Amino acid sequence: MTPAVRFQKVSRHFGAVRAVDGVDLEIAPGEFFAMLGPSGSGKTTCLRLIAGFEQPTAGHIEIFGETAEGVPPYRRNVNTVFQDYALFPHLNILDNVAYGLMVKGVGKTERAKAAEQALELVKLPGYGARKPGQLSGGQRQRVALARALVNKPRVLLLDEPLGALDLKLREQMQEELKSLQRALGITFVFVTHDQGEALSMADRVAVFNDGGIVQEGTPQDIYNRPKTRFVADFVGSSNVIAPDLMTALGGEKRWASLRPEAIRITGDGVESRVENASFLGAATRLTVAARGTRLHVMLPAGATVPEVGADVRLSWQPVDVHYMDDAA
Amino acid sequence: MTAIALTHEETATSILPGRGGFFGRLSDMFWRRPKLLLFLMLTPPLLWLGIIYIGSLLALLLQSFFSIDDFSGLVNYEFTLATYAQLLSPTNFDIIVRTVLMAALVTLASAVVAFPIAYYAARYARGKWKALFYLGVMLPLWSSYLVKIYAWKLILAKEGILTWFFAKLHLVWLLDGVLSLPVIGGNSLSVSYIGTFLVFVYVWLPYMILPTQAALERVQGNLIEASSDLGATPGQTFRTVLFPLALPGIVAGSIFTFSLTLGDYIIPQIIGSSRLFIGQAVYAQQGTAGNVPLAAAFSVVPIVIMAVYLWLAKKQGAFDAL
Chain A
1 MTPAVRFQKV SRHFGAVRAV DGVDLEIAPG EFFAMLGPSG SGKTTCLRLI
51 AGFEQPTAGH IEIFGETAEG VPPYRRNVNT VFQDYALFPH LNILDNVAYG
101 LMVKGVGKTE RAKAAEQALE LVKLPGYGAR KPGQLSGGQR QRVALARALV
151 NKPRVLLLDE PLGALDLKLR EQMQEELKSL QRALGITFVF VTHDQGEALS
201 MADRVAVFND GGIVQEGTPQ DIYNRPKTRF VADFVGSSNV IAPDLMTALG
251 GEKRWASLRP EAIRITGDGV ESRVENASFL GAATRLTVAA RGTRLHVMLP
301 AGATVPEVGA DVRLSWQPVD VHYMDDAA
Chain D
1001 MTAIALTHEE TATSILPGRG GFFGRLSDMF WRRPKLLLFL MLTPPLLWLG
1051 IIYIGSLLAL LLQSFFSIDD FSGLVNYEFT LATYAQLLSP TNFDIIVRTV
1101 LMAALVTLAS AVVAFPIAYY AARYARGKWK ALFYLGVMLP LWSSYLVKIY
1151 AWKLILAKEG ILTWFFAKLH LVWLLDGVLS LPVIGGNSLS VSYIGTFLVF
1201 VYVWLPYMIL PTQAALERVQ GNLIEASSDL GATPGQTFRT VLFPLALPGI
1251 VAGSIFTFSL TLGDYIIPQI IGSSRLFIGQ AVYAQQGTAG NVPLAAAFSV
1301 VPIVIMAVYL WLAKKQGAFD AL
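If you read the sequences in order, they're chains A and D.
For what it's worth, my numbering labels the leading residue of the first sequence as 1, then goes sequentially.
For what it's worth, my numbering labels the leading residue of the second sequence as 1001, then goes sequentially.
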């Protein structure tokens, strides 16, 4: 099957800065693909390369098998939902949503109808006459989504679209985006620095660092089997243990990750002292000091929570220890 | 942990003592009555604007409803519309049409020339280049208006540098062709309408560039990307996004170029054919001719034209993006 997006050794350099450096990438049609990474890792530049706002310095980009480099954004059947929505302030909501159809010469009544349908899809029917300034952040986000989807793009690009929303709205939009993607079957490429968002929404995740992809895989892969220290650190929540400590704890002398929920408090095992306990609702997270390092331990609800300052002993199954490459 | 230094002492008060002194009490009073401060700040400029500016304008308006006695040359202080009727006489009406047409063309040309410069400054110029842009645009405003106009008279004169330049390029035929055109042509550029037009555009251009640049500066770059992303060609993006969003700035600039051209009486006197513009007519009527009512009526014309212009601009939605 032809991939929806294919990068072959794609680089984008800005002077001496290698924003994207030799990236190989394949995104399958109909896939929900997340690009995860810290700011400056190259993920947004990759998105902009797909949209056509940037041209590669080297390498080859294909969109559904067709060469994309040298093709301007307005000739790509790809649409973007921008980070701060980029709605046209002088046009009302209906004209904003119908904009893509208008510039392609679709008749007035036909495009108004399509725009109204797109607004219904994002649950904003009847908002057409308002101006962007009169809508809340969450509503503007939906308009931006409708404005992109009305063009029936083959690939929809989303650049940190939920970044400006509050937590509750963000979680709601995550679910809606996911179900929308499933219903429409369009390839979604989603850029985020929020690992929770990437893992919960995407079919596949690429973790970016320093202009390249460090690891690519399903959310489960990324979470359970981080390839490098960087991935483990960035995806977070896992304990990253240095080689020296690993030997002290009875393991191999290599970097390893250990998930907090894999650690148990038992009668025997590694001696440690509880430094802090945070109640998280479904669980309690302990911070414990063991042999000069800090570990997180996740206790399920109902377990007895030791006092801060108490001495406890920790143990885990050897299979839960995941060894990684040293590379950052 | 040694965060002791930041813990508060039990003896500390929650309310700090007043600063005291005249200025301390003054600050407290202004804090309690913010409107008083606003009142004190606005009164002097409002008095200035209200009495000196609007007042003299009203006095002018009043004058225009008087007439002049043809025999004695004295002002007849009786209400009449006869002076306004004089504006419609062929000679006077020609002056009005000529001035309005010139102002409109100067405005249009200024907008066309200013836009790319303003666009560059707003979109691309950064740091030192931006400083250079402001310097370049403002620099002509530092030198005397009269000096610049006389300089242009020399540039445009028959023996001037422009003619020399055309001769060097073997393009004298082109210059002669343009000058032989009826109405706008003439003996040389410095005594033709084309010359007047060129100098007007030169002198008022900064007033068009700066507001246009300010408006373009406020257009977020990602709106242009969004437009392109949605399938608009650069031309479509200009017509449907960039131009509408820059329009308030262009209209603001056109208010300057249009009204400054309507009122100017020095440029057409030094450069151009000897036919009068409104400003020259006002100058002549209130000076040598001593017909203050007609001068006043002439000055009302640009005010009315500007009012109509702004009303039309508003109706066309020029200020919607403000």
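Just so you know, these hints were derived from the structure itself, not from any lab.
Since the model is a prediction, treat every value here as computed from it, not as a measurement.
Be aware that a few hints might be false.
Said to hold, decoys possible - If the Cβ cut is set under 8 Å, some of the chain D residues that face chain A in the computed set are:
| no. | residue |
| --- | --- |
| 1 | Pro1044 |
| 2 | Leu1046 |
| 3 | Gly1050 |
| 4 | Ser1089 |
| 5 | Leu1174 |
| 6 | Leu1175 |
| 7 | Asp1176 |
| 8 | Gln1220 |
| 9 | Asn1222 |
| 10 | Asp1229 |
| 11 | Thr1233 |
| 12 | Gln1236 |
| 13 | Pro1244 |
| 14 | Leu1245 |
| 15 | Ala1318 |
To be verified - Listed next, the stretches of chain A that the computed footprint assigns to chain D, with coverage defined by at least 3 CB atoms under 8 Å from CB atoms of chain D:
| no. | stretch |
| --- | --- |
| 16 | 76-82 |
| 17 | 224-235 |
To be verified - Partial list, derived from the structure: chain D residues whose beta carbon lies under 8 Å from chain A:
| no. | residue |
| --- | --- |
| 18 | Leu1006 |
| 19 | Glu1010 |
| 20 | Leu1087 |
| 21 | Leu1088 |
| 22 | Pro1090 |
| 23 | Ser1228 |
| 24 | Gly1231 |
| 25 | Ala1232 |
Don't be surprised by glycine CBs; every beta carbon is placed ideally from N, CA and C.
task: Tell me if Gly1231 (chain D) is really an interface residue toward chain A, meaning its C-beta lies closer than 8 Å to one of theirs.
output: holds (5 Å)
- prompt: Should the interface hint for Gly1050 (chain D) be scored as holding, given a Cβ-Cβ cut-off of 8 Å against chain A?
  reply: Where the cut-off is 8 Å and the nearest Cβ of chain A is about 34 Å from Gly1050 (chain D), the hint is violated.
query: Would the hint on Ser1089 (chain D) stand, with a C-beta cut-off of 8 Å toward chain A?
result: violated (45 Å)
message: Using the nearest Cβ pair, does Gln1236 (chain D) come within less than 8 Å of chain A?
response: holds (5 Å)
task: Let me know if the C-beta of Leu1087 (chain D) comes in closer than 8 Å to any C-beta of chain A, holds or violated.
output: violated (39 Å)
task: With a cut-off of 8 Å on the beta carbons, see whether Ala1318 (chain D) makes it to chain A.
output: Cβ of Ala1318 (chain D) sits 11 Å from chain A, so the hint is violated.
query: Should the interface hint for Pro1044 (chain D) be scored as holding, given a Cβ-Cβ cut-off of 8 Å against chain A?
result: violated (35 Å)
Given hint Asp1176 (chain D) near chain A, where the shortest CB pair must fall under 8 Å: violated (45 Å)
message: Min Cβ distance, Leu1245 (chain D) to chain A: is it shorter than 8 Å?
response: The hint holds - Leu1245 (chain D) has a Cβ within 8 Å of chain A, the shortest such distance being about 6 Å.
field: Hint status (Cβ of Leu1046 (chain D) to nearest Cβ of chain A, threshold 8 Å)
entry: Result: violated, 31 Å to nearest chain A Cβ.
field: Interface restraint verdict for Leu1006 (chain D) against chain A (beta-carbon cut-off 8 Å)
entry: violated (21 Å)
message: Given Glu1010 (chain D) as an interface hint, is its Cβ closer than 8 Å to any Cβ of chain A?
response: violated (28 Å)
Consistency note: the structure conflicts with the earlier hints numbered 1, 2, 3, 4, 5, 6, 7, 15, 17, 18, 19, 20, 21 and 22.
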